[in-house]
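Top line first, the protein sequences correspond to chains Y and H.
The first sequence lines up with residues 304 to 628 when you count with our numbering.
The second sequence lines up with residues 130 to 487 when you count with our numbering.
Hints were generated in silico from the structure; no laboratory data involved.
Please note: incorrect hints may appear among the correct ones.
[Stated by the list, open to error] Per label pair, the in silico range of CB-to-CB distance:
#, chain 1, residue 1, chain 2, residue 2, range
1, Y, Ala546, H, Ala446, 43 to 53 Å
2, H, Ala446, Y, Gly507, 32 to 42 Å
3, H, His407, Y, Lys316, 23 to 33 Å
4, H, Gly227, Y, Asn451, 34 to 44 Å
5, Y, Phe322, H, Ser284, 27 to 37 Å
6, Y, Ser485, H, Val204, 25 to 35 Å
7, H, Glu286, Y, Thr592, 54 to 64 Å
8, Y, Gln327, H, Gly160, 50 to 60 Å
Just so you know, these numbers come straight off a predicted model, no measurement behind them.
We treat Cβ as the ideally placed atom computed from N, Cα and C, and that holds for glycine.
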Amino acid sequence: MSGTNSEVVLSVKELEVTFRKGRQRVSAVAGISFDIYEGETLGLVGESGCGKSTTGRALMQIVPSTGGQIFVDGAELTSLNKKESRSLRRKMQMIFQDPISSLNPRRRVKDIIAEPLDCWKSAKGAERDAIVFDLLNKVGIDPGVYGNRYARQFSGGQCQRISIARSLAMRPRLLICDEVVSALDVSIQAQILNLLEDLKKEYGLTMLFIAHDLAVVKNISDRVAVMYLGKLCEIGPSDSLYAQPAHPYTSFLLGAALEADPELEQNRATLGGEPPSPLNPPSGCRFRTRCPYATEKCAAEEPQLRDIGSGHQVACHFPLVGSDQ
Amino acid sequence: MSPATNPNNLATSDDLLVVEDLTTTFNTPRGPLTAVGGVSFRLGRNETLGVVGESGSGKTVLSRTIMGLQPRSNVEVGGSVLLDGHQIVDATDDDLRGIWGTTVAMIFQDPMTSLNPVTKIGKQIGESLRVRLGMSKDEAKARAIELLTLVGIPSPEERYEAYPTQLSGGMRQRVMIAIALACNPTLLLADEPTTGLDVTIQAQILNLLDELQLKMKMSVILVTHDLGVVATRTDRIIVMYAGRVVEMGLTKDVFKNHRMPYTRALLESTPRVSNPSHTRLQTIPGRPPNLLKLTQGCAFAPRCNRATARCTEETPALEPTGTEGHYFACWNPIDSQDEKVTNGGQSTKEFGEDNVRN
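Please model the entire structure based on the sequences and the hints provided.
As structure tokens, this is what we get:
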């Protein structure tokens with residue numbers, strides 16, 4: 304599937320997350336499968352409510368998955384007991400969207416970063432301080448000056464740097480970033496994206512980068528997966544997926560993204576309507592209600608992800624490219 | 130000096146809005162904070178002006194001041210805002226009430242907190258119709274349903290009875306637009322109208338605004354941090370930094386031939402769909418200045434790689450570039466002929482010629 308022969312760090316098989324709402328059931332994630340290879344960044348894009356954040360949270364078991372399997376370095380996460388699962392999750396860390404509310408306002412920055420170390424009792428005293436000092440330096444915050452300050456004294460961008468430092472304290476294999484730059488200004492966003500790229504190289508991280516901003520996701524990802532209403536539409540190498548989207552939804556999503564260039568021909572063919580309620584998803588292909596190419600087959604039969612060459616997979620009966628392959 | 134008095138400015142004497150040397154200062158416990166510091170510009174009829182800047186650059190305060198929404202206590206507004214013959218700066222509440230809705234209307238960023246959660250949306254749309262235009266209940270209802278149809282809300286008769294919580298974010302923003310347009314304003318101020326909406330919904334809302342602008346012959350001021358939005362939906366742009374205009378001009382000139390280093394930095398730090406993945410982004414070191422501690426000189430100087438001693442001593446004023454209507458405030462401007470935007474990958478040559486004179 305991927306061009307590289309490297310090891311699979313995270314393998315997700317038919318992951319499902321269903322929430323109960325009274326007597327109703329909302330299937331936020333309705334059976335998705337993907338692999339992330341060592342050293343790779345997989346981008347996960349989609350509009351609000353498509354289940355991308357729930358996917359990230361289910362991987363961390365912050366919300367329980369209701370079906371499917373999650374393999375981390377070959378070990379299956381969902382079948383483990385609480386203690387084993389907690390131990391396995393040391394290999395995974397997550398960074399959240401709102402940098403300010405994800406840090407405890409009453410604790411000093413150095414203690415926030417050391418919290419994972421204290422929790423796992425993996426470092427004490429001088430060693431602990433040295434790790435914290437090093438991490439703060441790595442994320443571009445002067446530990447001598449700022450280490451004793453409180454999180455509330457920092458700006459959003461700096462708080463996100465602190466969150467990143469904290470997530471690296473346990474030397475994770477896999478970093479899950481959920482909309483980590485969407486609350487930041489462009490100039491700060493660029494700093495954080497570059498920082499993540501640098502740290503990824505330095506720490507040999509594998510990343511799942513969840514975001515709604517298509518340009519941001521393309522910038523940081525090796526491969527991109529597109530989600531719609533709890534399902535994966537398409538997954539493939541970033542450059543080829545953006546150049547030749549195979550799923551009609553991806554194509555509309557890219558068409559709606561505004562490029563900061565007034566000379567560029569903008570695609571005005573917008574997607575009508577809004578995503579249907581996940582309480583009552585359409586039969587067959589979930590995108591068919593908004594898809595201009597939908598036929599009876601789309602209503603009757605759910606399209607499965609299938610290969611269309613060079614690591615590109617699409618779940619559509621009538622893909623825009625590679626239909627004959 | 131001021132662009133508004135410059136004969137080269139694109140706008141004509143028939144301008145809808147003339148803003149001259151506008152300052153908005155908040156008296157805070159920690160001292161005066163000048164959120165808008167001496168902004169001058171003109172806006173023609175049917176024109177769309179984009180106001181771009183990062184958070185804290187004063188773009189929202191600017192639009193609220195133009196609207197006359199700043200509270201009187203603890204805020205000092207100086208300069209002049211002449212809107213269709215009305216002076217906004219020293220207008221009384223009664224004067225403003227006569228202008229709001231009919232001459233100028235505003236769409237706010239967050240439709241959930243701007244709508245009243247316990248009032249049906251139909252009534253919220255009808256409110257200004259009844260108060261400003263003196264319509265009867267039935268007339269207002271008919272017009273509200275018409276407006277809901279205009280902004281593309283399906284089954285408007287049923288939606289008339291809906292509460293804001295029953296609508297999605299995109300639908301709520303459409304309701305906000307309907308409220309703003311109810312009394313046919315000549316100027317629409319849209320403050321981050323699509324921030325927080327999904328891209329496909331954003332495209333729908335922006336297309337709708339375009340369409341309505343044509344239909345209703347409005348001028349629009351689009352305040353946003355999103356360079357993609359301004360690039361595609363505006364005629365002219367104002368770039369703000371620390372409460373001041375640092376560059377202003379036709380959208381294509383500002384994007385292609387920007388002279389102010391901040392404009393370039395902003396453009397280069399924006400990730401683009403058209404660039405290959407893992408393109409290294411240019412970053413601006415540091416962060417925006419604290420407006421309480423603004424010192425003499427260019428506010429961008431501490432983050433600028435072209436800064437010289439002069440930049441920290443003297444505040445640069447807006448200078449014309451030679452291209453009509455294009456101004457910048459910088460002592461060491463970028464020469465558009467020699468240097469090109471690297472991130473966009475496009476050559477700036479074709480527009481460079483008329484620009485090198487000053």
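Do the hints match the structure? See the list:
{"no.": "1", "hint": "Ala546/Y x Ala446/H: 43 to 53 Å", "in the structure": "holds (45 Å)"}
{"no.": "2", "hint": "Ala446/H x Gly507/Y: 32 to 42 Å", "in the structure": "violated (51 Å)"}
{"no.": "3", "hint": "His407/H x Lys316/Y: 23 to 33 Å", "in the structure": "holds (28 Å)"}
{"no.": "4", "hint": "Gly227/H x Asn451/Y: 34 to 44 Å", "in the structure": "violated (56 Å)"}
{"no.": "5", "hint": "Phe322/Y x Ser284/H: 27 to 37 Å", "in the structure": "holds (28 Å)"}
{"no.": "6", "hint": "Ser485/Y x Val204/H: 25 to 35 Å", "in the structure": "holds (31 Å)"}
{"no.": "7", "hint": "Glu286/H x Thr592/Y: 54 to 64 Å", "in the structure": "violated (23 Å)"}
{"no.": "8", "hint": "Gln327/Y x Gly160/H: 50 to 60 Å", "in the structure": "holds (55 Å)"}
Of the hints listed earlier, those the structure fails to meet are numbers 2, 4 and 7, in rising order.
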